[in-house]
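Novice: Given chain A's structure and the hints, the job is docking chain B onto it.
Same order as they appear, the protein sequences are chains A and B. Residue numbers in the first sequence follow our numbering, run continuously in steps of one, and reach 236 at the last position. Residue numbers in the second sequence follow our numbering, run continuously in steps of one, and reach 116 at the last position.
Just so you know, the hints here were simulated from the structure itself, not pulled from any lab data. Since the structure is predicted, the reported quantities are computational estimates derived from the model, not experimental observations. Some clues are possibly wrong.
[Stated by the list, open to error] Label-pair distances were calculated between CB atoms; the ranges are:
{"id": "1", "chain 1": "B", "residue 1": "107", "chain 2": "A", "residue 2": "105", "range": "50 to 58 angstroms"}
{"id": "2", "chain 1": "A", "residue 1": "4", "chain 2": "B", "residue 2": "0", "range": "51 to 59 angstroms"}
{"id": "3", "chain 1": "A", "residue 1": "135", "chain 2": "B", "residue 2": "97", "range": "37 to 45 angstroms"}
{"id": "4", "chain 1": "A", "residue 1": "138", "chain 2": "B", "residue 2": "2", "range": "34 to 42 angstroms"}
{"id": "5", "chain 1": "B", "residue 1": "71", "chain 2": "A", "residue 2": "165", "range": "21 to 29 angstroms"}
{"id": "6", "chain 1": "B", "residue 1": "72", "chain 2": "A", "residue 2": "4", "range": "45 to 53 angstroms"}
{"id": "7", "chain 1": "A", "residue 1": "87", "chain 2": "B", "residue 2": "36", "range": "55 to 63 angstroms"}
Where is the CB? At the ideal position from N, CA and C, for every residue including glycine.
Listed below are the residues making up each chain.
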Amino acid sequence: MKKITLKLFRYNPEMDKKPYYDTFKLEAEPTDRVLDLMEKVKGYEDGTLSFRRSCAHGVCGSCAMRINGQNMLACKTLVQDLKTNKITVEPILGLPVLKDMIVDMEPFFINYKSVMPYFVNNSPEPSQERLQSIEEQERFDDTAKCILCGACTTSCPSFWSNDEYVGPAAIVNAHRFIFDSRDEGAAERLQILNDQFGVYRCRTIFNCTVACPREIEITKAIGEVKKAIVTGSLD
Amino acid sequence: MALNRKVGFLTGLGYKGGGPMWAWVLHRASGLAMVLFVGLHIFAGFLSQQFGSDLGITINQIYTNWIFQIVVFFLVIFHAVNGLRVVILDLIPALLEYQREMIWLEWLIIAPLYTLVLFVIIKNLLGL
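Okay, chain B solo, but in the shape it has when bound:
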């Protein structure tokens, strides 16, 4: 009997598609992470408002934590800029020839934006 066609998660991740594939993987992962972040935010608000619960405050402390913020800002910026790249490529197929250059351009946009975010977070953290 033939082997099942199913491609496992790790087998799929192990395929060497290079930068473009990893951009897609990170786009999916960052999307899911944002759903989790927004969900946590809504859940904390609900608990605080309805029950005045300490649990709401604890959850608030998790997502206002600077480590959490550093991760979340990276994921949000990456998801937004990468999404914009894909939308532009879908709307203008002629640019698909330059997809590798567009990934470099994407990181050139992400790097200063994220540096600015890091600067603000660290400045607040140090109380400057």
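For reference, chain A alone in the conformation it holds in the complex:
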């Protein structure tokens, strides 16, 4: 067992004028996850602690938080991975904080919806499935892994400075359909992203790629979308 000092960002809009930090001392196994520590605090120390969680297995993307200064999923981060006994947990940056670790994800989803993140095909439906080769599927395999946790977008300094920038997550989800051989909405999506708040707000900083809990090559995906806009080709 390790003795852990857990420092948590606290803000209750009904009681606090300013945010503050609460510190808890806990015992934890090296293989415990940060989410386990937070559950322990909520269950045994302070029931008012608020944070989002759902699957707790890195699939739903609810528990993206800033852990020791970097965006991560609390359910995928083991105590031993942090290589320190002092753990600080804060909400992700660039979105309004509603309470403790809970942020208002609405601006994030407005940006997400703006890039048409759904399948577009107006051709007559075939009698069987729309077939695709393995190579065609591999073209967007990486970006199809996105779980919309927001870790990438909220690690991006361009998004911090202006939330009208669609952000890495929206571009990743546009990429997933732009490069799908069965989809017919690529031209429209590229036009949406060829905007002053589109792909060119990306400054190739790589925070998004580092933050992604699904290890998606986000900056590479953004680069491919930029290239598709410039060349007009999806090859």
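Specialist: Below, chain B alone, put in the same frame as chain A:
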């Protein structure tokens, strides 16, 4: 009421993005520093030419000072090589997978170039 989304300068700098983020921060800072340097140069020239002023000579002495030169050359070389890295990555997205290796390559280019600059500055300083 929800807390404002605004991310402060120090909060942003405190985000642990690692080497790539610091390369971007330094790129921005060096760009601003160069604007200041060129501005100072133009301002000194203007003062000297228009007024024959001593202030122009004083400003000249600041930016020809060896300490100032050492800093400025580092910022110019870093800004140029880092900018080239970003341009190459933007033009060839396939290389984005190797972005960390490219940062190492960038420093491998900067180090000998800057060493050469230091050598010349120190040689002149010592009058060799």
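Novice: Hints first: check each against the structure and report whether it holds.
Specialist: Each hint, compared with the structure:
1. 107/B <-> 105/A: 50 to 58 angstroms: 56 angstroms, holds
2. 4/A <-> 0/B: 51 to 59 angstroms: Violated: the Cβ-Cβ distance is about 32 angstroms, outside 51 to 59 angstroms.
3. 135/A <-> 97/B: 37 to 45 angstroms: At 39 angstroms between Cβs, range holds.
4. 138/A <-> 2/B: 34 to 42 angstroms: 40 angstroms, holds
5. 71/B <-> 165/A: 21 to 29 angstroms: Since residue 71/B and residue 165/A have Cβ atoms about 26 angstroms apart, the given range 21 to 29 angstroms holds.
6. 72/B <-> 4/A: 45 to 53 angstroms: 48 angstroms, holds
7. 87/A <-> 36/B: 55 to 63 angstroms: 56 angstroms, holds
Of the hints listed earlier, the one the structure fails to meet is number 2.
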